[in-house]
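So the protein sequences, as listed, match chains G and Z.
Just so you know, the first sequence maps onto residues -18 to 183 in the working numbering.
Just so you know, the second sequence maps onto residues -18 to 183 in the working numbering.
The hints are simulated quantities; they were obtained by calculation from the structure and are not laboratory data.
Mixed in with the good hints, there may be bad ones.
One copy or two, either will do: identical chains are not told apart, so a pair holds if it fits within one copy or between any two.
List of simulated lysine-lysine pairs, DSBU-like, C-alpha gap at most 30 Å [said to hold, decoys possible]:
#1 Lys(-1) x Lys9
#2 Lys(-6) x Lys43
#3 Lys(-7) x Lys43
#4 Lys43 x Lys(-3)
#5 Lys168 x Lys151
#6 Lys43 x Lys(-1)
#7 Lys43 x Lys151
Number of protein chains: 2
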Amino acid sequence: MTEVNDNARHQKKMAKRKEIQDREVASKTEARGLLAVHTGAGKGKSTAAFGLALRMLGRGRKVVVVQFIKGAWDTGERHALERFGDQIAWHALGEGFTWETQDRERDIAACERAWDVANAALNSEDVGLVILDELNIALRYDYLALDRVLADIAQRPPNQHVWVTGRNAKPGMIEAADMVTEMMPVKHHFKAGIRAQEGIEF
Amino acid sequence: MTEVNDNARHQKKMAKRKEIQDREVASKTEARGLLAVHTGAGKGKSTAAFGLALRMLGRGRKVVVVQFIKGAWDTGERHALERFGDQIAWHALGEGFTWETQDRERDIAACERAWDVANAALNSEDVGLVILDELNIALRYDYLALDRVLADIAQRPPNQHVWVTGRNAKPGMIEAADMVTEMMPVKHHFKAGIRAQEGIEF
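Take the sequences, apply the hints, and build the full model.
Written out as structure tokens, the structure is:
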């Protein structure tokens, strides 16, 4: 008896929830290219962007990845995405983290070169998604000017999506974005003495 | 002159930072399978897990995905991952969201079936990564018992990684995890009236 009542209650509650959900979905009608930002000190910022690349590739659209900090590193995701041939272009144009290069001028020059490549993608009608990986770091250290970056992003084809990653997103970047997620570290295995592992961190 | 000083200051600061960084890395020596959780109300929880799958696939390891809520939906990531053939097994065993089915018994039966498949993966020595997508939702509604789920996860092969996604992760799940990231919504494009788009939301 109680179980029957429980089920009836559950059904009623969920029917109501569905009504709200359907109304919500119906109210959203616009489709256009999004500017999204993944920031915060937690893991998953770049990984979620690469997961999205996968989704776009599965839909037959072209993806361009520009990495502003990582250089010619050997990463698992890069290997995997090679399977998609011409559908994806991967540009790892960084020189490494600022504490690796220890040379501000060199960092700036690398970011300038990376931005030229990014800007070419932002001007390509056939590119569905541009991932600007660790761009927030380049902006934070003023290796690139925010105004110029936002102006170039704003003039892209209307159906093109742009995903920006990296800690410490500038307020102006958050302001300009359609969607912002902050990845918050609740717990991290490095703290327990576990090292970076192949397939997980790289 | 100022510029030279600036560069010298930058170099010194970054050299110091590198020293700290190197010491940090050297202190982490353990390698083992991780239990990670992506929770929170923001976007990117499942997407980051699929991005990680890509990294593992790029490293030649096997991946099993079990979806506890999503059913036989047509998703871009699923299409894309078909390219990896036997290296990946994708099981979408949900019946849809609870407000779609409106039938608690049916939801529980679907979760039970999904757990059997998950458990088989957790017993396979050759599987490098098991993604338990939206498992937190199944646990939240008590469709599956947390104790049993954690016990099955704990007895997996020592080098196997497990990634759990979904809002409202239970305290016991967070307690058991090696790594937890909370995806926090700072801004969401649905609020601006933009609808779910192919390649982005599915």
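Query raised in the report: Against the structure shown, which of the earlier numbered hints fail to hold, in ascending order?
Result: 2, 3, 4 and 6
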